[in-house]
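Required output: the full structure, derived from the provided sequences and hints.
Number of protein chains: 2
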Amino acid sequence: MTERTIQDEWPEEASYCWGCGKNNTHGLQLKSYWQDEETVATFVPKTYHLAFPGILNGGIIATLIDCHATGTANAIAHKTSGADQVMHVTASLKVKFLKPTPLDKPVTLRAKVKEIDENKTVLFCSLYSGDTVCATGEVTTVGVDLKMFVKDDVDESRILGVK
Amino acid sequence: MTERTIQDEWPEEASYCWGCGKNNTHGLQLKSYWQDEETVATFVPKTYHLAFPGILNGGIIATLIDCHATGTANAIAHKTSGADQVMHVTASLKVKFLKPTPLDKPVTLRAKVKEIDENKTVLFCSLYSGDTVCATGEVTTVGVDLKMFVKDDVDESRILGVK
Chain F
71 MTERTIQDEW PEEASYCWGC GKNNTHGLQL KSYWQDEETV ATFVPKTYHL AFPGILNGGI
131 IATLIDCHAT GTANAIAHKT SGADQVMHVT ASLKVKFLKP TPLDKPVTLR AKVKEIDENK
191 TVLFCSLYSG DTVCATGEVT TVGVDLKMFV KDDVDESRIL GVK
Chain C
71 MTERTIQDEW PEEASYCWGC GKNNTHGLQL KSYWQDEETV ATFVPKTYHL AFPGILNGGI
131 IATLIDCHAT GTANAIAHKT SGADQVMHVT ASLKVKFLKP TPLDKPVTLR AKVKEIDENK
191 TVLFCSLYSG DTVCATGEVT TVGVDLKMFV KDDVDESRIL GVK
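From first to last, the protein sequence lines are chains F and C. Numbers in this note's numbering are just positions in the first sequence, counted from 1, shifted up by 70. Numbers in this note's numbering are just positions in the second sequence, counted from 1, shifted up by 70.
Do not take every clue at face value.
[As the list claims (entries may be wrong)] Under the rule of at most 27 angstroms between Cα atoms (straight-line distance), these lysine-lysine pairs were calculated in the DSSO-like manner:
no. : chain 1 : residue 1 : chain 2 : residue 2
1   : F       : K116      : C       : K92
2   : F       : K164      : C       : K169
3   : F       : K169      : C       : K221
4   : F       : K164      : F       : K190
5   : F       : K92       : F       : K217
6   : F       : K101      : F       : K217
[Unchecked claim] Calculated from the model, a selection of chain F residues having no Cβ within reach of chain C, i.e. all distances over 12 angstroms:
no. : residue
7   : N94
8   : Q155
9   : R180
10  : K182
Simulated from the structure, these hints should not be mistaken for lab results. Each residue gets a CB set at the ideal place from its N, CA and C atoms; glycine is no exception.
Quick look at the structure:
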């Protein structure tokens, strides 16, 4: 693992995503790392991220899988093409919930590329509690022009000021 | 629309879901209603529920679709069988993101049953911004014994006390 996260490479104004933006202090702030050919992230749920008492919420799981996979797709796009102006966004997300995920332990996400072409990446992601795979996901991302979404004039006080 | 929400029918101790539990004050508190043969819910995003500035986060969208559809499956299960001891949980979730969803407007969810059998329900759910469908979802739920997940001894202060 490197010390620098995948999300650290993004422009500041693209770092407000509720799932993985380091600048979104109300969000999950997921941090992903390369580990050989796959990416890994660990997330410690809050006590209120539940579905039922003791069980991690499925929407939180879907968010983690989505952000971890999309972050991976972006990292690959930038590694392989150096295309700073292209950003991958999620076109579709499929999640299978295999087992209840304990709320009181960290979860680990591992993602790998399944298919890749010029403008589309399909990734497979597993979510573990300890050594147990509790959910799996397939995420398809497409590359879009970064300028479609990311503007220079981010009003941080508006984003973060309202609870 | 009736005044009473689908989620209002659930036991108090099953009402802490981060996406739709009325007792989870840190959560999205989605509220779903019957409207003829479909269910409808409206959600007003917080300013920090973004993917990019001005665009609603995909994980929040996935959560809303999941909770609205699963709530619908539970309402149907209880209507048709009166089975208070069975609870439907999500087995799989597929979301297609068709268009960027504006963050500064309410979104509306509409769900319908696609397939149903004794212990499984497949639902189709659309998420609208105004009249535009921005995302669609297919959610498969399965019925499990309510007692698997819902205990009487919910420690609310532990769930809600930690930010």
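Evaluation of the provided hints:
1. F/K116 with C/K92: Cα-Cα ~18 angstroms, so holds.
2. F/K164 with C/K169: holds (17 angstroms)
3. F/K169 with C/K221: Within the cut-off at roughly 18 angstroms; holds.
4. F/K164 with F/K190: The given pair, whose Cα atoms are some 16 angstroms apart, holds under the 27 angstroms limit.
5. F/K92 with F/K217: holds (20 angstroms)
6. F/K101 with F/K217: Holds, at about 24 angstroms.
7. N94: violated (6 angstroms)
8. Q155: holds (15 angstroms)
9. R180: holds (18 angstroms)
10. K182: holds (20 angstroms)
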